[in-house]
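Peer 1: Fit chain B to the supplied structure of chain A, relying on the hints for placement.
In order, the protein sequence lines correspond to chains A and B. Per my numbering, the very first residue in the first sequence carries number 1; after that it's consecutive. Per my numbering, the very first residue in the second sequence carries number 276; after that it's consecutive.
It is worth saying that the hints were derived from the structure and are not from the lab. Backbone N, C-alpha and C fix where the C-beta goes; we use that ideal spot for every residue, glycine too. Any given hint could be a false lead.
[As the list claims (entries may be wrong)] In silico lysine-lysine, DSS-like type, Cα no more than 27 Å apart, as pairs: (1) K233(A) to K532(B); (2) K559(B) to K263(A); (3) K55(A) to K220(A); (4) K282(B) to K559(B); (5) K233(A) to K220(A); (6) K220(A) to K282(B).
[To be verified] Stretch by stretch, here's where chain A covers chain B in the computed footprint (C-beta under 8 Å, at least three residues): (7) 326–332; (8) 342–356; (9) 524–532.
[Stated by the list, open to error] Some chain B residues close to chain A (C-beta under 8 Å, calculated; not the full set): (10) L455; (11) A456; (12) Q467.
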Amino acid sequence: MIGRRRKQVMNAVQLSLILIAILIMLVPIAWIFMAAFKNHIDVFQLKLFFTPTLKNFGTVFEPPFYLGHKLMNSTIVAFVTVVLAIPIATMAAYSFSRFRLTGETTMLVVILATQFVPAVVIILPFFVMFRDIGLLDTRIGLILVNLAIVMPFAIWMIKGFIDGIPLDTEEAAMVDGSSRLQVIRNIVLPMAAPGLLTAGIFCFIIAWNEFLFALILTNKDAVTLPIGLALFKAEEGDLWNLLSAAGIIIMLPMFVLALIIRKYFVQGMTMGAVR
Amino acid sequence: MRDNTLKYLLVLPAIVVVFATAIWPLIESLRLSFTVGRLSRPGSLEQYLGFENYIWAFLYEPAFWNSVWVTTVYTVLTVGLTTVLALGLALLLAPGGRFRSGVQTLLILPFAMSPALIGVSFRFMFNPEFGLFDAVFGVLIPPLADVSWLVDPVLAFAVCVMADVWGWIPFLTLVLIGGLASVPQDTIEAAQVDGASGWRVFRDVTLPQLAPVLAVVVILKSIFSLKTFDQIFMLTNGGPGTATQTLSHYIYFNGMKYGQIGYAASVAWLMVIPMIFLTYAYAKFVFRKE
Numbered sequence: 001m002i003g004r005r006r007k008q009v010m011n012a013v014q015l016s017l018i019l020i021a022i023l024i025m026l027v028p029i030a031w032i033f034m035a036a037f038k039n040h041i042d043v044f045q046l047k048l049f050f051t052p053t054l055k056n057f058g059t060v061f062e063p064p065f066y067l068g069h070k071l072m073n074s075t076i077v078a079f080v081t082v083v084l085a086i087p088i089a090t091m092a093a094y095s096f097s098r099f100r101l102t103g104e105t106t107m108l109v110v111i112l113a114t115q116f117v118p119a120v121v122i123i124l125p126f127f128v129m130f131r132d133i134g135l136l137d138t139r140i141g142l143i144l145v146n147l148a149i150v151m152p153f154a155i156w157m158i159k160g161f162i163d164g165i166p167l168d169t170e171e172a173a174m175v176d177g178s179s180r181l182q183v184i185r186n187i188v189l190p191m192a193a194p195g196l197l198t199a200g201i202f203c204f205i206i207a208w209n210e211f212l213f214a215l216i217l218t219n220k221d222a223v224t225l226p227i228g229l230a231l232f233k234a235e236e237g238d239l240w241n242l243l244s245a246a247g248i249i250i251m252l253p254m255f256v257l258a259l260i261i262r263k264y265f266v267q268g269m270t271m272g273a274v275r
Numbered sequence: 276m277r278d279n280t281l282k283y284l285l286v287l288p289a290i291v292v293v294f295a296t297a298i299w300p301l302i303e304s305l306r307l308s309f310t311v312g313r314l315s316r317p318g319s320l321e322q323y324l325g326f327e328n329y330i331w332a333f334l335y336e337p338a339f340w341n342s343v344w345v346t347t348v349y350t351v352l353t354v355g356l357t358t359v360l361a362l363g364l365a366l367l368l369a370p371g372g373r374f375r376s377g378v379q380t381l382l383i384l385p386f387a388m389s390p391a392l393i394g395v396s397f398r399f400m401f402n403p404e405f406g407l408f409d410a411v412f413g414v415l416i417p418p419l420a421d422v423s424w425l426v427d428p429v430l431a432f433a434v435c436v437m438a439d440v441w442g443w444i445p446f447l448t449l450v451l452i453g454g455l456a457s458v459p460q461d462t463i464e465a466a467q468v469d470g471a472s473g474w475r476v477f478r479d480v481t482l483p484q485l486a487p488v489l490a491v492v493v494i495l496k497s498i499f500s501l502k503t504f505d506q507i508f509m510l511t512n513g514g515p516g517t518a519t520q521t522l523s524h525y526i527y528f529n530g531m532k533y534g535q536i537g538y539a540a541s542v543a544w545l546m547v548i549p550m551i552f553l554t555y556a557y558a559k560f561v562f563r564k565e
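One chain only, chain B, in its complex shape:
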């Protein structure tokens, strides 16, 4: 067979799979978002409404805006905290040696844990009666001794953020260690010889060279933070009330619990829009290397 035919035949099955499992559902979701789309009413999946679902979300659904707000704050906090803490840990571990390399190996463990399980374990750790973190926080910060973390809206949100940060620091640390390894050592040494302090070397030499990797980390983490569902579902199930209801959770609830597939699809598509920008930004970094 000629290579010219073969090369397209080889990619064909993959393209078919990607089309069937990702592109088709995206387009079908878009179509559903313009319909009445109630699971309980046969035929309503073909009953077109125009933009009514979108208008409904924007004008009449405080719960939608609540989930937008929750997701935004959640994303900003988790991306910021995870990145800063992971950078700190990466700087501590980058020098290598047997001890530090051993720690790097251990770091892979939390990342192999399923997010659902992370949610469960944090619910465990913050149990008011026998949760270990609950007890530790109570000792370190006395005003927090008698609180029920998952019952208070603000504290429940804080626990969700902590669980997320806990789950992602190890992976981002490993990425940043990789990034630090590619910063040329001689520029750092040159700066040190010139008498620059540790902080100056970091700010003026290391950080600028690390910028592309940091950008990748921030974009990737933002994407995953925006999508967050599993931990929230297992940890608080959006509660108390709707205090920790992220967009994914809001869509799940409207689509699956209330059977409003059309409405859920419209909110889901609103969520796709920021993803397109983030993916575009990410793709630029991926192809920059080639």
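Pulled out of the complex, with its shape left as it was, chain A reads as follows:
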């Protein structure tokens, strides 16, 4: 009896701890969501109840903020980065997965290591080079450097997916006279498609949230959403209701994407060190 009572108490304690954890996790997000629907005046009070308005979501797209332009830049940069990275990464991942290459381990370690190089180290030479060849404040420049952070993730993640595809169908097709490239096109790519999509979404999120490169390389034409957040500072302080509306526009699409690929988030971020 005492054991059972103790178990119930333990269970209640555990549940309340979990609830506190969720509360701490979600409150800042919920707070931003609420502020985004508040009038300027309501933000300055700790109010839970207020008359919601959609006005902020209109204001951020108007002058002088022009968030639509930043939204466009972010979308194009992230999308093109992914479209370039995934095919290149898939080819490499297939080769790493199916063949023994000279220097294979070295190559894989170097690819892994580039992920850990501080972005601030990479960006200094790029800034100098882009200044000289006129790529500063262009989407092309941003896409090129974004490849640096996305490639290692993409290669390691896709390699993990291809490793999981059984060899037999490929071998059977080879015996039937298909060439290696036919095998890749007709068998491997269809089977790896969900994995490629997952890796693509994962890289899209990373490119979308990228901050330091965009901060240094852009100032007007190619400014992306995260950098656009800095616009909402007025002389009287931050415009929190607008900042929150912009914040929602940045994070909501990423929430949806993250939920779609949630099973693979851990594997992707740890490069397969934890499966």
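Peer 2: Then chain B, alone, in the frame of chain A:
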């Protein structure tokens, strides 16, 4: 085409991209670190100084040592707190069931938030006039009721640490839940049958088996903590003064605001050195599985 040629052709584009976007800038940074390297002076990017930038950082720049100190304390605190709290949460959520799995799904949300946005939201939460956390802390700990968090050096630093821990707990929790799932259940049951207490089972059975995953978590988090820039930039911009200026922020400021690319590159390379060790340690865990 022969497989022997094909296999190298397939990796070639990736190697070219990695070389051009990561290896070349690393080497070029190293070269720049030995030059005068001022953005405003043409030709100074080829004007060699030897080790002078490094010597300057070590001997004449208190701000450099300040950022080393800030980064070190920041890394130790964020890695320690995030790991311990994430482990606790992982243990709470590991048993599964519908409620706990639902919570696990929710955990992915903070991680999809960009670090810059986390910085912004914490600046919001700690606003002295209408910040929610500011108000909550004021009620829970009365001496903190009237402080301006982001104006006080120590408290501003604390807010940066909190923002970081908040942003990383969910992800590390998910990793550790994965790790806990791979601890064989029968060893735990055997220990329980032998009458070991919950704490003993955790310390003597679960923890040792979880050690490799914990090591991965600590190394990975250390790497990301050392690199921290985005949140700090949006939250305090290194201030007040230089109280929250991390190494990345110091490099950014010297390189971009003052135009001292050569000097910034030398500090950046000093930062690469601990990364090499951490990457080496990390790679060992990645390849252990194969």
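Peer 1: Does each hint hold? Answer for all of them.
Peer 2: Outcome of the hint check:
1. K233(A) to K532(B): Within the cut-off at roughly 20 Å; holds.
2. K559(B) to K263(A): holds, 24 Å
3. K55(A) to K220(A): holds, 25 Å
4. K282(B) to K559(B): holds, 25 Å
5. K233(A) to K220(A): holds, 16 Å
6. K220(A) to K282(B): Cα-Cα ~43 Å, so violated.
7. 326–332: violated (count 0)
8. 342–356: violated (count 0)
9. 524–532: holds (count 4)
10. L455: violated, 11 Å
11. A456: violated, 10 Å
12. Q467: Not OK, violated: Q467(B) not within 8 Å of chain A, min 13 Å.
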